[in-house]
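> Chains as they are written, first to last, in numbering that gives the first Met the number 0: chain A, 0 to 138; chain B, 0 to 138; chain C, 0 to 138.
Simulated from the structure, these hints should not be mistaken for lab results.
There's no promise every hint is true.
Same chains, same label: a pair holds when it works inside one copy or across any pair of copies.
Derived BS3-like pairs: lysine-lysine, alpha-carbon spacing no greater than 30 angstroms straight-line [as the list claims (entries may be wrong)]: (1) Lys80 to Lys12; (2) Lys108 to Lys68; (3) Lys10 to Lys68; (4) Lys6 to Lys80; (5) Lys80 to Lys97; (6) Lys68 to Lys6; (7) Lys12 to Lys97; (8) Lys108 to Lys10; (9) Lys68 to Lys12; (10) Lys97 to Lys6.
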Amino acid sequence: MALYRGKIRVKAKGFCSIHDITNNVAEILRLSGLSQGICCVSISGSTAAVSTVEYEPGLVLDIPTLLEKLIPSNVSYEHDKTWHDNNGFSHLRSFLIKTSLSLSFNEGKLDLGTWQQIVFVDFDNRPRTREITVQFIGE
Amino acid sequence: MALYRGKIRVKAKGFCSIHDITNNVAEILRLSGLSQGICCVSISGSTAAVSTVEYEPGLVLDIPTLLEKLIPSNVSYEHDKTWHDNNGFSHLRSFLIKTSLSLSFNEGKLDLGTWQQIVFVDFDNRPRTREITVQFIGE
Amino acid sequence: MALYRGKIRVKAKGFCSIHDITNNVAEILRLSGLSQGICCVSISGSTAAVSTVEYEPGLVLDIPTLLEKLIPSNVSYEHDKTWHDNNGFSHLRSFLIKTSLSLSFNEGKLDLGTWQQIVFVDFDNRPRTREITVQFIGE
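Please put together the full structure from these sequences, using the hints given.
Structure follows, in structure tokens:
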């Protein structure tokens, strides 16, 4: 049994920008030489999230619309009254969608469907470079 | 430390059908012979999800009602405009609830409460047979 | 590769009370002596959840407001009609936010941002002592 760890850097625009990181995670798996096990994909920070979705232009528009409905960006949250960074909505979206995802893999391939991608979603209200951690355990 | 892996097949009706797969996961754990560790339960695909809930008839009605409110099925999403499969809502629900779940186990038992079951939820708009992957790591 | 397991007890008030358990998880990691790997933080039960958030007084108010909007507590759910414990909303919130969270760690430190805490959220409608399980795998 072995551990392997990698990082993915994403230049994110924020405002619910959605990034397909499937190939990046698969490449780290390839470098690991591992065949079977569990993987944890996570972002350090509290204004972004990781999930899976069919990464296609329609859903890339639908997800921001959904989140705008569930957790509007134009509301003054208690967080904003204290910190004045106006990203209370970003924090709440991250709490809801979550900053980490666990996946399994077998025969060197992630257990994902053909039309299922791992996505990093940046909910913050400014552009920034983000670093995603990918931790594998297996053999 | 060892790995063990199993599959669960579910005949799902779709439209937010909810399936209790706790006994199936527990049976794979029994077959593994493992005592303590971590397990990843996941569905390959982008129109279904895995979570936990008290599996009882009331909540089995409440969950579809909740998802219909949060992500209505009678809305035309951008996804549908391109692909015309009318399951944009299924994809968004899967993105929100997520396709994988990690659990721990000890002394050969999953760390779940008495009234807490692992559920597979099919959000798609047609019946199909689904395959759930269960990956254990432990000793 | 080794396993290590610990428990965290929280006196929770319920009604969406939010508890920062980051230091508790970090202390169990320290006791484990492990450097790198994956951790699963979970609550046995179906009326609570685990996620991450910037634990600060504003968001501690915003999260209950958000959940009250998404899954109101003053609605009569099907669950309540059967069981009369009036906590249908607690179950649905737990299903949505989920009872477990996977995290990675490296050099003995959890992969979390400076302003990102692991939180246990109790959605039930009464105070109770809760036990959270923390399972580490790594080396």
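> Taking the hints in turn, state whether each one holds.
Now for the hints, and whether the structure bears them out:
Proximity of Lys80 and Lys12 under a CA criterion of 30 angstroms is satisfied in both settings, with 24 angstroms inside one chain copy and 26 angstroms between copies. Proximity of Lys108 and Lys68 under a CA criterion of 30 angstroms is satisfied in neither setting, with 36 angstroms inside one chain copy and 36 angstroms between copies. Only within a single protomer do Lys10 and Lys68 lie at most 30 angstroms apart by alpha-carbon distance; the minimum there is 26 angstroms, versus 33 angstroms between protomers. Taking CA atoms no more than 30 angstroms apart as the test, Lys6 paired with Lys80 passes in neither setting, with 34 angstroms inside one copy and 36 angstroms between copies.
Taking the shortest Cα distances, Lys80 and Lys97 sit within 30 angstroms of each other both inside one copy (24 angstroms) and across copies (29 angstroms). Taking the closest pair of Cα atoms, Lys68 and Lys6 never come within 30 angstroms of each other, the shortest separation being 32 angstroms inside a single copy and 36 angstroms across copies. Taking CA atoms no more than 30 angstroms apart as the test, Lys12 paired with Lys97 passes in both settings, with 19 angstroms inside one copy and 24 angstroms between copies. In the homo-oligomer, the alpha carbons of Lys108 and Lys10 lie at most 30 angstroms apart both inside one protomer (26 angstroms) and across protomers (25 angstroms), since each shortest distance falls under that limit.
Taking identical chains as interchangeable, the C-alpha atoms of Lys68 and Lys12 lie at most 30 angstroms apart whether they share a chain (20 angstroms) or sit on different chains (28 angstroms). In this assembly of identical chains, the alpha carbons of Lys97 and Lys6 lie at most 30 angstroms apart whether taken from the same copy (18 angstroms) or from different copies (22 angstroms).
Of the numbered hints given earlier, the model fails hints 2, 4 and 6; all others are met.
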